[in-house]
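Residue numbers (my numbering), protein chains in the order written: chain A, 412 to 663; chain B, 5 to 285.
None of these hints come from the bench; they were simulated from the model.
For glycine and all other residues, C-beta sits at the position ideal for the given N, C-alpha and C.
Where hints are given, some of them may not hold.
Stated by the list, open to error - To give a feel for the contact side, a few chain B residues facing chain A, derived at Cβ under 7 angstroms:
id : residue
1  : 184
2  : 248
3  : 250
Stated by the list, open to error - No more than 25 angstroms apart at the CA atoms, straight line, and that leaves these computed lysine to any residue pairs for SDA-like:
id : chain 1 : residue 1 : chain 2 : residue 2
4  : A       : 427       : B       : 230
5  : A       : 497       : A       : 413
6  : A       : 497       : B       : 174
7  : A       : 478       : A       : 527
8  : A       : 538       : A       : 427
9  : A       : 504       : B       : 172
10 : A       : 635       : A       : 463
11 : A       : 504       : B       : 200
12 : A       : 606       : A       : 589
13 : A       : 607       : A       : 558
14 : A       : 606       : A       : 523
15 : A       : 497       : B       : 172
16 : A       : 597       : B       : 63
17 : B       : 110       : A       : 478
18 : A       : 538       : B       : 174
19 : B       : 63        : B       : 230
20 : A       : 504       : B       : 175
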Amino acid sequence: MQSKISISNLDFYYGKTQALFDISMEIPERQVVAFIGPSGCGKSTFLRTLNRMNDTIPIARAEGVVKIDGENIYAPGTDVVALRRKVGMVFQKSNPFPKSIFENVAYGIRINGLHKNKADLQERVEKALRDAALLNEVKDRLNSSAFGLSGGQQQRLCIARALAVQPEVILMDEPASALDPIATQKIEELVVELKKQYSIVIVTHNMQQASRVSDKTAFFMLGKLIEFNPTQKMFTNPDERLTEDYITGRFG
Amino acid sequence: MSENNLQNHSRRKIISRIMTLLTAACTFFAIGILLLIISYIAVRGVSSLSLQFLIDTPKPVGEGGGIGNAILGSAIMTALAALIGLPLGIGAGIYLAEFGNGWFGKITRFVADTLIGVPSIIIGIFVYTLVVLPMGRQSGLAGGIALALIMIPIVARTTEEMIRLVPNSMREGALALGAPQWRVTMNIVLPAASTGIATGAMLAIARITGETAPLLFTALNSRFYNGYLDQPMASLTVQIFNYATGPFEVEHAMAWAATLILVGLILLINITVRFLTRKKF
Ligand SMILES: Nc1ncnc2c1ncn2[C@@H]1O[C@H](COP(=O)(O)OP(=O)(O)OP(=O)(O)O)[C@@H](O)[C@H]1O
Ligand SMILES: [Mg+2]
């Protein structure tokens with residue numbers, strides 16, 4: 412199995428407070444990796460180190476090596492804009508732009524100049540919406556406001572927006588945490604579908620969800636990576652006592 | 005116990021009633037004063053109002069006269085001020101909101117807040133020294149600059165506030181797609197804040213339309229139609245001041261009529277803003 416992202420000895424600080432401790436792991440290509448762990452253990456922080464989204468926080472500082480396709484993204488001179496094109500992100504709270512449904516998806520295509528002409532743009536937007544399992548619901552109102560969509564539809568719109576720029580990795584931070592079971596199921600099906608083309612990392616608080624969608628699962632606690640194993644093994648026969656306690660709900 | 009509960013309930017209801025009535029009374033008082041002022045101006049002003057009055061230049065007492073040149077002068081100087089003040093103010097506001105967390109931003113913010121509090125007559129004297137004295141005379145240009153200086157800090161601070169209201173998650177959403185910082189600001193943050201920024205800009209314009217003191221030093225006044233920026237220029241406010249301080253009753257009546265026009269114009273600006281900035285998305 413080839414690894415897409417390779418993290419070694421990553422420490423992370425918010426000012427003087429250390430949030431991640433010496434994390435090393437390999438994220439495989441075209442698979443789904445789930446991050447689980449109690450609230451505040453650093454899942455989002457870790458996820459955001461993978462596309463350097465933490466750069467927007469002035470006090471944040473990362474030490475260590477994160478290689479994507481063999482290149483250290485923390486090396487000086489790294490093109491962060493290009494990195495984020497390659498490593499897409501879907502946030503916990505859906506965050507559509509104050510634009511039409513069409514323009515939301517078209518935005519990333521436009522800024523990256525991916526389309527040849529107008530027809531191509533239209534095609535790419537529709538493909539992204541179809542891949543995000545949203546096209547059928549919105550095809551008659553592509554030009555109306557994205558804020559008119561339901562919460563679940565908005566989240567799928569954000570997924571479509573991320574897919575439209577053709578990333579290689581997709582980071583998802585609890586993409587279904589605010590959604591009802593049906594919308595959640597749609598997103599889970601989508602994740603399983605998407606791994607044919609993309610490497611996916613998904614943060615979730617939902618154990619069943621982790622076991623349903625992921626190939627490998629990482630368990631974090633207090634900023635440390637406790638265990639990282641195939642999902643099957645994690646949920647049946649984990650190496651660590653802590654993992655077992657957490658998964659069986661002995662602490663929360 | 006249940007009796008006690010009932011008692012509490014009716015007590016709460018009465019207090020809630022009283023508070024509602026109190027706030028309603030305050031609202032009526034505030035709106036009442038505003039309506040009183042506007043209707044008083046309307047009653048006093050409407051008798052001297054005519055098309056001729058809106059077109060004519062001031063004439064010797066008894067020969068009629070109007071405020072045509074003053075309206076034009078106000079329009080020119082306000083437009084000039086907006087032309088200078090809006091880009092600078094909005095630009096500064098964007099800087100403060102998106103990049104102004106360092107010491108430079110802090111100082112700029114402090115200076116802007118201080119400038120907002122400076123009485124406008126002091127801006128007038130400042131521009132008098134800086135523009136009028138070197139040019140050798142008062143001018144529409146100097147007036148426009150003075151008004152622009154009043155606008156800039158107001159527009160900068162409201163723009164900053166409006167941009168800060170744009171949720172960070174929206175910026176991150178765009179950054180995550182590989183958008184460079186400047187594009188995020190231009191295509192996501194600014195459109196999201198545009199309604200607020202436009203409202204702030206219009207309020208600033210409405211504010212300077214009503215300024216008199218800084219124009220007395222800088223643009224002075226003129227009895228003629230004149231579009232030359234290097235000449236003294238009439239304005240509604242200064243013209244109102246002249247008419248109102250004149251010795252004759254006809255002049256006072258014209259002052260009221262001009263006031264009515266000024267208030268009407270400011271009202272029109274505000275309505276236009278509302279109309280232009282209706283939420284599309
Ligand atoms: N911007 C920030 N500044 C300072 N500390 C932060 C910041 N963001 C997160 N932290 C701290 O870092 C630690 C890890 O937070 P993080 O958001 O990564 O946790 P999480 O595992 O995603 O939690 P949750 O499951 O609740 O989302 C927490 O102690 C948190 O308080
Ligand atoms: Mg989180």
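Status of the hints after comparison with the structure:
Because the closest C-beta pair between residue 184 of chain B and chain A is about 5 angstroms apart, less than 7 angstroms, the hint holds. Restraint check, residue 248 of chain B versus chain A: the minimum CB separation of about 47 angstroms is more than 7 angstroms; hint violated. With its C-beta approaching chain A no nearer than about 53 angstroms, residue 250 of chain B sits outside the 7 angstroms limit, and its interface hint is violated. Of the pairs offered as hints, the one joining residue 427 of chain A and residue 230 of chain B is violated, with about 65 angstroms between alpha carbons and a cut-off of 25 angstroms exceeded.
A hinted pair counts as satisfied when its Cα atoms are at most 25 angstroms apart, and residue 497 of chain A with residue 413 of chain A qualifies at roughly 17 angstroms. About 19 angstroms separates the Cα atoms of residue 497 of chain A and residue 174 of chain B, which keeps this hinted pair within 25 angstroms; it holds. With a C-alpha separation of about 32 angstroms, the suggested pairing of residue 478 of chain A with residue 527 of chain A is violated against the 25 angstroms cut-off. As the CA atoms of residue 538 of chain A and residue 427 of chain A are separated by approximately 45 angstroms, the hinted pair breaks the 25 angstroms bound.
Distance hint between residue 504 of chain A and residue 172 of chain B is fulfilled; the C-alpha atoms sit about 11 angstroms from each other, no more than 25 angstroms. The suggested pairing of residue 635 of chain A with residue 463 of chain A holds, with an alpha-carbon distance near 19 angstroms, which does not exceed 25 angstroms. For the suggested pair residue 504 of chain A and residue 200 of chain B, the alpha carbons sit about 24 angstroms apart, so the restraint of at most 25 angstroms is met. Among the hinted pairs, residue 606 of chain A with residue 589 of chain A is consistent with the structure: their alpha-carbon atoms are about 22 angstroms apart, no more than 25 angstroms.
Pair hint residue 607 of chain A plus residue 558 of chain A does not hold up; C-alpha atoms about 30 angstroms apart against a cutoff of 25 angstroms. For the hint linking residue 606 of chain A to residue 523 of chain A, the alpha-carbon distance of about 23 angstroms falls within 25 angstroms, and the restraint holds. The straight-line distance between the Cα atoms of residue 497 of chain A and residue 172 of chain B is roughly 22 angstroms, inside the 25 angstroms bound, and the hint therefore holds. Between the alpha carbons of residue 597 of chain A and residue 63 of chain B the distance comes to roughly 78 angstroms, so the proposed pair goes past 25 angstroms and is violated.
Between residue 110 of chain B and residue 478 of chain A the CA atoms are separated by roughly 38 angstroms; this puts the pair beyond 25 angstroms, and the hint is violated. A distance of roughly 23 angstroms separates the Cα atoms of residue 538 of chain A and residue 174 of chain B; the hinted pair therefore holds under the 25 angstroms criterion. Proximity of residue 63 of chain B to residue 230 of chain B is assessed by CA-CA distance (about 16 angstroms); at most 25 angstroms being required, the pair is judged to hold. Distance check on the hinted pair: residue 504 of chain A and residue 175 of chain B sit about 13 angstroms apart at the alpha-carbon level, within 25 angstroms; holds.
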